[in-house]
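Asks: Knowing the structure of chain F, use the given hints to seat chain W on it.
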Amino acid sequence: MTAEQQESATPQLTALAGNPEAYNYAFLDEVSKREIRRALLKAVAIPGYQVPFGSREMPIARGWGSGGLQVTLATIGPDDTLKVIDQGTDAGVNAVNIRRLVERTAPGVTTTYNTAEATLIQSRHRFPEEPLRDDQIMVLQVPLPEPLRMVEPRESVTRQLHAEADYTRVWVHLYEDVITNGEISRAAGYPVLVNKRYIMSPSPIPRWDIAKLHQSASLTLLGAGREKRIYAVPPYTDVIPLDFEDYPFRVESFVGKHCARCGATDTYLDEIIIDNGERLYACSDTAHCDERLAAHAGGNA
Amino acid sequence: MTADWLLHVAGLAKRYGRGCDYCYTLTGLAAATNECPRCGSLVACAEIGFTLAPGQTLGIVGESGSGKSTVLSCLYGDSEPSAGHAYFRPFADGQRDIFDITPGERRTLRNFQMGIVYQHPHRGLNLRISAGGNVAERLMATEWRRVGDIRERASALLGRMEVPASRMDDLPAFFSGGMQQRVQIAKALANGPTLLLLDELTTGLDVSVQAGVLDLIREIQAASGIAMIIVSHDLGVIRLLAERTIVMKHGRIAEAGLTDQILEDPQHPYTQLLVSSANV
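First to last, the sequence lines map onto chains F and W. What the first sequence shows, in this note's numbering, is residues 317 to 617, in sequence order. What the second sequence shows, in this note's numbering, is residues 10 to 289, in sequence order.
One chain only, chain F, in its complex shape:
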């Protein structure tokens, strides 16, 4: 079979997906968007509080960013510029698919890799390296929104604990961590205290990015599709990681390491093990890395 024959035999994705114009603007119907926006408003009004919402069936699987996607779709408008990040890169398969869905169903929305240009950034696992501005909104995809789940399996009890701000068990968990591992070893979902009231799971971002949440100029919205929860950190809100006075919170250290592409020493680095077993490090935020490379090239020319 030649390539042409194969192409004609295999139905194209565009044909299978149908006419994007048949969908409502930004995929979701207006009633759904209104409900999500209402949940978002409540979330912003009570920083760190998990607002339940009726998570919709999305064209991506739950656990693949359906919560973040619903927040994005309920928030986005024709004037917006969208950036989607998956594990730090804009070209990850999940990021590409989410970006394409928004492009198809929300005419007028432009998409970008450039953090500075974006008005709305949906991300999984990472914040962009560049500090965000107060006219930008960060949307995070959250798999496990409940920071107390590790110490209490019952939802009815965790709600009660949140209501009474009874967070002793989280502290015991951290204490045991220090005793067992000599440090607070939690990496993803490090518990933080938002606005001196609610303990929040900041999604699986590294500790490196948690420091950026504190008094951030941008609004951060967090959506958990499978767990049906929305919560938020409004701009300029205190976000304090839980720690002990003698075991303080520390971000990941990359001392003595640099990006193999752009040479950066001030970014979050991914470790890459190459063929001969050696380790290389490269910027996790690829768009930022590319910009630095371009700037270097421009400077040399």
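The reader is advised that the hints may include incorrect statements.
[To be verified] Here are the simulated DMTMM-like pairs of lysine to aspartate or glutamate, each with C-alpha atoms no more than 25 Å apart in a straight line:
hint, chain 1, residue 1, chain 2, residue 2
1, F, Lys528, F, Glu607
2, F, Lys512, W, Asp158
3, F, Lys349, F, Glu419
4, F, Lys528, F, Glu561
5, F, Lys544, F, Glu433
6, F, Lys512, W, Glu56
7, F, Lys544, F, Glu471
8, F, Lys512, W, Glu152
9, F, Lys544, F, Asp586
These aren't lab readings, by the way, just hints derived from the structure by calculation. Bear in mind the structure is a predicted one, so any value in this text is a computation, not a measurement.
Replies: Quick look at chain W alone, frame taken from chain F:
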């Protein structure tokens, strides 16, 4: 009410079941039952009243099902009383009823002023976190935020309870019953409470271990001047530890007074039976 009091309880009652208007009149000592014959509700305790002075130890004795543990769990807030009032001096200077407070206030009260030791260590301890972690839980509930300080305090408390420092980071699930009970006492004492509640402290421990635990309690009494309420069906424990005693039957107080008086000169027929059948 005497001038110097720590805890004052009046009219405490706890009823399980749908209840009717006659539950309290058709049960009790005279009726010789705690089950309402009209509606079948269980009156676990009723008309319980006493005053505890600071540093004093009150014993509550009675057979199983007489409602003595219910009194304790109502005071600690594990169960909600059906009626009654209780005033606790360290809370709002004794002006407010501790049966009528918010869950947050209840937690503050428990964390800062009260300690409890349950009959079964698994109720008072989380057996899946280390012994030190269990003690640390109480400390961290009162804003201790330095691991070094927490460990120092926890190991001092555990050491006082004769739990070796080397076992501090082990899980209490692997401890013997007596050692679990000692960890529980260390936890209850962590924040220097003014009132310690002990529920069947030595039941289920063998006799030599019992003696050790009782010695510890006597030492705590002597050293800290902490007030205690001790629930037990063992008159020996009561004689050893309590200054005043309440005898309960069918959910009511059968007799109350000085421990010596009750044991040497029991007035109520049930107390007489209890004392004569126990060899103390």
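Asks: Against each hint, give a clear statement of whether it holds in the structure.
Replies: Here's how the hints hold up against the structure:
Restraint check: the Cα-Cα separation between Lys528 of chain F and Glu607 of chain F comes to about 20 Å, which is no more than 25 Å; the hinted pair holds. A distance of roughly 24 Å separates the Cα atoms of Lys512 of chain F and Asp158 of chain W; the hinted pair therefore holds under the 25 Å criterion. A hinted pair counts as satisfied when its Cα atoms are at most 25 Å apart, and Lys349 of chain F with Glu419 of chain F qualifies at roughly 17 Å. Restraint check for Lys528 of chain F and Glu561 of chain F: satisfied, since their Cα atoms lie roughly 21 Å apart, inside the 25 Å limit.
Taken as a hint, the Lys544 of chain F and Glu433 of chain F pair is broken in the structure, with Cα atoms around 30 Å apart against an allowance of 25 Å. Pair hint Lys512 of chain F plus Glu56 of chain W does not hold up; C-alpha atoms about 44 Å apart against a cutoff of 25 Å. Of the supplied pair hints, the one linking Lys544 of chain F and Glu471 of chain F holds, its CA atoms being roughly 13 Å apart against a limit of 25 Å. About 14 Å separates the Cα atoms of Lys512 of chain F and Glu152 of chain W, which keeps this hinted pair within 25 Å; it holds.
This hinted pair does not check out: Lys544 of chain F and Asp586 of chain F have alpha carbons roughly 31 Å apart, beyond 25 Å.
Violated hints for the displayed structure, listed by number in ascending order: 5, 6, 9.
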